[in-house]
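Trainee: Respectively, the protein sequence lines represent chains A and B. So the first sequence is numbered by this note's numbering: it starts at 1 and just counts up by one. So the second sequence is numbered by this note's numbering: it starts at 319 and just counts up by one.
Derived by calculation from the structure, the hints in this document are not laboratory data. One thing to keep in mind: the hints can contain errors.
[To be verified] Below, computed lysine-lysine pairings styled on BS3-like, alpha-carbon distance capped at 30 Å: (1) K228/A / K388/B; (2) K502/B / K388/B; (3) K447/B / K305/A; (4) K228/A / K447/B; (5) K666/B / K637/B; (6) K639/B / K666/B; (7) K429/B / K228/A; (8) K338/B / K666/B; (9) K630/B / K666/B.
[Unchecked claim] Each pair of labels, with its calculated beta carbon distance range: (10) E206/A / G649/B: 52 to 62 Å; (11) Y29/A / L372/B: 54 to 64 Å; (12) F342/B / L133/A: 37 to 47 Å; (13) F141/A / I501/B: 31 to 41 Å.
[To be verified] So these bits of chain B aren't anywhere near chain A, every CB distance computed over 12 Å: (14) T343; (15) R393; (16) D394; (17) F402; (18) A403; (19) R411; (20) L445; (21) A461; (22) D476; (23) E499; (24) I501; (25) E601; (26) F616; (27) G622; (28) G653.
For glycine and all other residues, C-beta sits at the position ideal for the given N, C-alpha and C.
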Amino acid sequence: MSQALTTAHSVVAPSPLSKRIAGAIVILYALVSMIPLAWILMTGFKTPPDSIAYPPKIVFAPSLEGYCNLFTTRTRQTQEYIQSLGPPQTICDEITRKRDMVIAGPSNYVPRFWNSLVIAFGSTFFAVSLGVLSAYAFSRFRIPLADDLLFFILSTRMMPPIAVAIPIYLMYRKLGLSDTALGMILLYTAVNVSLAVWLLKGFIDEIPREYEEAAMIDGYTRLHAFFKVVLPQAATGIAATAIFCLIFAWNEYAFAVLLTSGEAQTAPPFIPTIIGEGGMDWPAVGAGTTLFLVPLLVFTVLLRKHLLRGITFGAVRK
Amino acid sequence: MAEIRVENLHKSFGDFTAVKGESFTIADGSFFCLLGPSGCGKTTTLRMIAGLELPTSGRILLGGEDVAFKRASERDIAFVFQLFALYPHMNVRRNIGFPLVCQSVPAREIKARVEETARLLRIDHLLDKPVSGLAGGDRQRVALGRAIVRRPLAFLMDEPLGTLDTEFRDLMCAELRHLHERIKATTVYVTHDQLEAMSMADRIAIMNNGRVEQLGSPQEIYDRPATLFVADFVGSPAMNLIPLTGRLGKGAARLEVAGSGIAIPEMREDAPGEELVLGARPEHIRFDDASDYRGEVFGTEYLGTMQIVTVKVAQGRVKVKVPASLRVESGEQVGLAFLSDRLSLFDKSSGRALRSALHDGAAHG
Chain A
1 MSQALTTAHS VVAPSPLSKR IAGAIVILYA LVSMIPLAWI LMTGFKTPPD
51 SIAYPPKIVF APSLEGYCNL FTTRTRQTQE YIQSLGPPQT ICDEITRKRD
101 MVIAGPSNYV PRFWNSLVIA FGSTFFAVSL GVLSAYAFSR FRIPLADDLL
151 FFILSTRMMP PIAVAIPIYL MYRKLGLSDT ALGMILLYTA VNVSLAVWLL
201 KGFIDEIPRE YEEAAMIDGY TRLHAFFKVV LPQAATGIAA TAIFCLIFAW
251 NEYAFAVLLT SGEAQTAPPF IPTIIGEGGM DWPAVGAGTT LFLVPLLVFT
301 VLLRKHLLRG ITFGAVRK
Chain B
319 MAEIRVENLH KSFGDFTAVK GESFTIADGS FFCLLGPSGC GKTTTLRMIA
369 GLELPTSGRI LLGGEDVAFK RASERDIAFV FQLFALYPHM NVRRNIGFPL
419 VCQSVPAREI KARVEETARL LRIDHLLDKP VSGLAGGDRQ RVALGRAIVR
469 RPLAFLMDEP LGTLDTEFRD LMCAELRHLH ERIKATTVYV THDQLEAMSM
519 ADRIAIMNNG RVEQLGSPQE IYDRPATLFV ADFVGSPAMN LIPLTGRLGK
569 GAARLEVAGS GIAIPEMRED APGEELVLGA RPEHIRFDDA SDYRGEVFGT
619 EYLGTMQIVT VKVAQGRVKV KVPASLRVES GEQVGLAFLS DRLSLFDKSS
669 GRALRSALHD GAAHG
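Produce the entire structure from the sequences given, and follow the hints as far as they go.
Mentor: Right, here's the structure in full:
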């Protein structure tokens, strides 16, 4: 090898400088996109006057008033009445009394949050279950018109879902599905199932058929082989798909506003209404939004190992 | 262990016919190879025997019982896949034991049989390792272990050495044959590699376009190819096929190629047409200055002890295998002499080998 042909660096690997520049860009972008989240988090710990102060306060005395207001309903009382009550029982009592109010009872936040959990996780479960079964069928069997069916499934996502809001609203009213958890689960499942089928088909295509065939020769039925061999192999894809479905169902706002108002209302339409209950109660909104982010964060962190593999899956031949 | 009989097996996928009515019998305890180029139907045939594909028509008898339309799990066979199909979420022990788990064998017996199998394959030290870290040869052994552990009626192997590197492949070839001699299991082995087939098989079926072209022992196939396809496919370098025209009747023992007379094994039948092909293996041709069948040396390939010399003749190019010590220069004029009793003759239109003294005493495959 002559001297002129030797190079000190690889021609395919990025150079240290370009890696550093790329890293800086990514970090900068991440910081910028995290500003709204940080603002929400901070607002949750401000007092109502601080939250609407101008110029906005970056440094402030933290308070739990937002969280107290989030979980309670309060009534305004006279000074005499409040003093007749005896010492405050909780920190929230104390904060509330400073504003000449007493706690009247719990707010609707917890039941709405619970609705969100049931509806989002329920619809994710059904979308992924249906998705993995049909993805398996599309991947493994000769299905007449398979390509057309797959296109049809995809086409349900081609229009904005809200375009069918009115028909669905009328349909749900007739069927008695308005403002029910079941109705919302069915709706979100229907929206998510096309995404699930397409994503999971890709993952299942990547699993060699030989695994099931080996299991079938070894004495399993196809169904048995599916559960014992294919599902464990598809875990990554299932996790990634579940996260995408959950994010949609958890954050969905338009249908939730339209179709739920009471019993089955989810957190997204409920959170904005907190403002009205106690005047300009931005801290409570901030607190409600912060807590609303937690389940998604936990779920994603739990599955992040799968998610990372899931996103790059199939990019490089193993 | 059992005999496998395939009768009139057909398989179509829509308009495409992968297997066109094949019949053969695999003797109990023998090592049988299905050899052919890609797309010849050999894997489809194997998968039908396994129950992974259902035939369009025909019968598959496994130990006398027709299993053609039964589920894979209801046939007592083991299958070794090209990509091994080791379950990545299980370790070696669980992989080998998996078929027994499927059959609800008691845990104690599974443990004993897995360990016995692992000792047989010399992988007992790997039992508790995950399969993902194993080297190619060890993966292959685990895949074999999973097949052996169930003591099935037959082993089916689909190019099991295809993904191994050459060095390992030779080693595994020897090991597979050795293993076969010890457990004497009926084995059907699919490959496109003639060296694998030649070195391991008791009998080989050469397949092309969904049909069995020839069925016989490796030597029979090499020495007496039944068709032009077999002649061309088996052997490296391939048999020289020299086209010629002429009438040949029963009893003829000479023919003419470009004006030179060549002695051939005595014909046992009349040639149906005048378009013929003479087949001569490179090692059955030597240089002979006295011969009037002449050509010009085009190039040589050095192979260590032997060399392949390509000679340009009037009919095209002829490859000759001679000792490497012989000095040959490109452009040199040489005479070619044929080992007369080893030559094959084919009818060009049907591709069929014509019967001659070459076939005397051989069972017709």
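Trainee: A separate judgement is required for each hint: does it hold in the structure or not?
Mentor: Going down the list of hints, with the structure as the test:
1. Only pairs whose Cα atoms come within 30 Å are accepted, and K228/A paired with K388/B is accepted, the gap being roughly 22 Å.
2. Annotation: proposed proximity of K502/B to K388/B holds, straight-line Cα distance about 25 Å (limit 30 Å).
3. Restraint check for K447/B and K305/A: the C-alpha separation of about 22 Å stays at or below 30 Å, so the hint holds.
4. In summary, the hint linking K228/A to K447/B is supported, as the alpha carbons are separated by about 20 Å, within the 30 Å threshold.
5. Under the criterion of a C-alpha separation no larger than 30 Å, the hint pairing K666/B with K637/B is consistent with the structure, at around 20 Å.
6. Between the alpha carbons of K639/B and K666/B the distance comes to roughly 25 Å, so the proposed pair stays at or under 30 Å and holds.
7. In summary, the hint linking K429/B to K228/A is supported, as the alpha carbons are separated by about 20 Å, within the 30 Å threshold.
8. Distance hint between K338/B and K666/B is fulfilled; the C-alpha atoms sit about 22 Å from each other, no more than 30 Å.
9. Simply put, K630/B and K666/B have alpha-carbon atoms about 22 Å apart, close enough for the 30 Å limit, and the pair holds.
10. Between E206/A and G649/B, the C-beta spacing of about 55 Å keeps the proposed range 52 to 62 Å intact.
11. Judged by the Cβ atoms, the range 54 to 64 Å given for Y29/A and L372/B holds: they are separated by roughly 55 Å.
12. For F342/B and L133/A, the hinted distance range of 37 to 47 Å is satisfied, since their beta carbons lie about 40 Å from each other.
13. For the pair F141/A and I501/B, the supplied restraint of 31 to 41 Å holds, since their beta-carbon distance comes to about 36 Å.
14. The beta carbon of T343/B sits about 22 Å from the closest Cβ of chain A, which is more than 12 Å, so the claim that it is off the interface holds.
15. With a least CB separation of 8 Å from chain A, R393/B falls inside the 12 Å interface cut-off, contrary to its annotation.
16. At the 12 Å boundary, the C-beta of D394/B falls inside the reach of chain A, the nearest C-beta of that chain being 9 Å off.
17. With 12 Å as the threshold on Cβ separation, the claim that F402/B sits away from chain A is violated: the shortest Cβ distance comes to roughly 8 Å.
18. For A403/B, the non-interface assignment is contradicted: its Cβ lies about 4 Å from the closest Cβ of chain A, within the 12 Å cut-off.
19. R411/B, annotated as away from the interface, keeps every beta carbon of chain A farther than 12 Å; the closest lies near 15 Å.
20. For L445/B, the requirement that its beta carbon stay farther than 12 Å from each beta carbon of chain A is met, with the minimum near 18 Å.
21. Under the 12 Å C-beta cut-off, the non-interface status given to A461/B relative to chain A is violated; the minimum distance is some 9 Å.
22. A beta-carbon of chain A is positioned within 12 Å of the beta-carbon of D476/B; the least distance is around 9 Å.
23. The beta carbon of E499/B is kept farther than 12 Å from every beta carbon of chain A, the shortest such distance being approximately 24 Å.
24. Here I501/B stays apart from chain A, with its beta-carbon at least about 18 Å from theirs, past the 12 Å limit.
25. With a closest Cβ-Cβ approach of about 40 Å to chain A, E601/B is found to remain outside the 12 Å limit, as its non-interface label requires.
26. Every beta carbon of chain A lies more than 12 Å from that of F616/B, the smallest distance being close to 35 Å; the non-interface claim holds.
27. In this structure G622/B is separated from chain A by more than 12 Å, as the shortest Cβ-Cβ distance comes to about 29 Å.
28. Listed as outside the interface, G653/B is consistent with that label: its C-beta sits roughly 47 Å from the nearest C-beta of chain A, beyond the 12 Å cut-off.
When held up to the earlier numbered hints, the structure conflicts with 15, 16, 17, 18, 21 and 22 and fits the remainder.
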